[in-house]
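Residues in the sequence shown are numbered consecutively from 1303, following my numbering.
Heads up, a few of these hints could be off.
[To be verified] For lysine-lysine, the following BS3-like pairs were computed, each having C-alpha atoms within a straight-line distance of at most 30 Å: (1) LYS1519 with LYS1419; (2) LYS1419 with LYS1529; (3) LYS1379 with LYS1519; (4) LYS1555 with LYS1403; (5) LYS1384 with LYS1529; (6) LYS1419 with LYS1384; (7) LYS1519 with LYS1402; (8) LYS1572 with LYS1419; (9) LYS1572 with LYS1437; (10) LYS1519 with LYS1437; (11) LYS1479 with LYS1455; (12) LYS1562 with LYS1529; (13) LYS1455 with LYS1477; (14) LYS1384 with LYS1455; (15) LYS1362 with LYS1437; (16) LYS1552 with LYS1562; (17) LYS1402 with LYS1529; (18) LYS1384 with LYS1403; (19) LYS1362 with LYS1477; (20) LYS1552 with LYS1481; (21) LYS1529 with LYS1572; (22) LYS1519 with LYS1384; (23) LYS1379 with LYS1403; (24) LYS1562 with LYS1572; (25) LYS1572 with LYS1519; (26) LYS1481 with LYS1455; (27) LYS1362 with LYS1419; (28) LYS1384 with LYS1437.
By construction, these hints were calculated from the structure, which means they are not laboratory data.
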Amino acid sequence: MKKWIVIAVAIIAGPVLYFSLIPKNTPTSSTQVASATTESQPLLRIALEGKYPPFEYLDKNQQLVGFNIDLANALCKEMAVKCSIERYEWDDLIPAVQTKKADAIIATMSITDEREKLVQFTQPYARVPAAYLAKNNRQFILPVMTPERLAGKTIGVVSNTTFANYLTAEFDNSKVKLKHYPDADALLLGMNNNEVDLVFGDSAVFGEFLRDPRHAKDYNYVGNIIKGDPRLGRGEAIALAKDDHEMVAKFNKALDQLIKSGQYQEMQFKYFTLQIL
């Protein structure tokens, strides 16, 4: 990675986009097809969660938008295929590829040894550090979060993620309690409802949450950022079926072309303040 997201910059004021802290009742799947395609082109089914802004989310018109959507459409166009994007719950993403219901996962999924037993990954398309976030009234004035300093506290995290794996290992056998949530929306809602003392997760997601001036007034990063820790994976990449080596090569070639042409950089600066790769 050329440069990490600078967390302090992520709270620069911007448009109010997501995370209204109101529970969302949205369908578990929806489809969007890339433009500029023809009926004769093969169909590539892309799976994602759709609840991870600014990477992927539903806008006010219930349309899937975000960095992963733009990236998927750009990759499909580069590979001259028709792109169908469908939403799944996080835990159903890998099974969808394994059972051939989907061809690829573009959902900011980190590369880990455990996941590589189930799917294969392309080269990383993002490398984003992890961070802690809390309400300002919690008054965490700690340079580094340790089991001793957080004894008696409850940390929220999205379940079945590398962030959850990291916390489990870091605070094992300590007096710190972990509370798991199904997705980022539920995690931040739980923090707002004082169900936890602080949350841990993707700094890009938290940075987008803080773009809303209402959130920036009441919440902030606390403690240290975590980057380069193997427990958080080896970058975020596209996941495909174990036997689909040809498609992995095609995705890698298309991604290389997007980076070389400058299109990747244009897409990332549309959603992030600094480079994520």
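Pair hint outcome, LYS1419 versus LYS1529 [Cα-Cα no greater than 30 Å]: 24 Å, holds
Proposed proximity, LYS1455 with LYS1481 (alpha carbon, max 30 Å): 10 Å, holds
Straight-line alpha-carbon gap LYS1419 to LYS1384, limit 30 Å: 29 Å, holds
Hint consistency between LYS1572 and LYS1419 [alpha-carbon to alpha-carbon, up to 30 Å]: 34 Å, violated
Restraint status (C-alpha distance of LYS1519 to LYS1402 at most 30 Å): 45 Å, violated
Holds or violated: LYS1519 to LYS1384, with C-alpha atoms at most 30 Å apart: It is violated: about 43 Å lies between the C-alpha atoms, which goes past 30 Å.
Hinted pair LYS1552 and LYS1481, Cα distance within 30 Å: Roughly 39 Å separates the two Cα atoms, so the pair is violated.
Pair hint LYS1402 and LYS1529, alpha-carbon separation not exceeding 30 Å: 33 Å, violated
Given pair status - LYS1519, LYS1572, alpha carbons within 30 Å: Between LYS1572 and LYS1519 the Cα gap is close to 24 Å, so the pair holds against 30 Å.
Hint consistency between LYS1379 and LYS1519 [alpha-carbon to alpha-carbon, up to 30 Å]: 41 Å, violated
Holds or violated: LYS1384 to LYS1529, with C-alpha atoms at most 30 Å apart: Given pair LYS1384, LYS1529 is violated - Cα atoms ~36 Å apart, limit 30 Å.
Pair hint outcome, LYS1562 versus LYS1529 [Cα-Cα no greater than 30 Å]: Answer holds: LYS1562 to LYS1529 is near 26 Å, not above 30 Å.
Checked against the numbered hints above, the structure violates hints 1, 3, 5, 7, 8, 14, 17, 19, 20, 22, 27 and 28; every other hint is satisfied.
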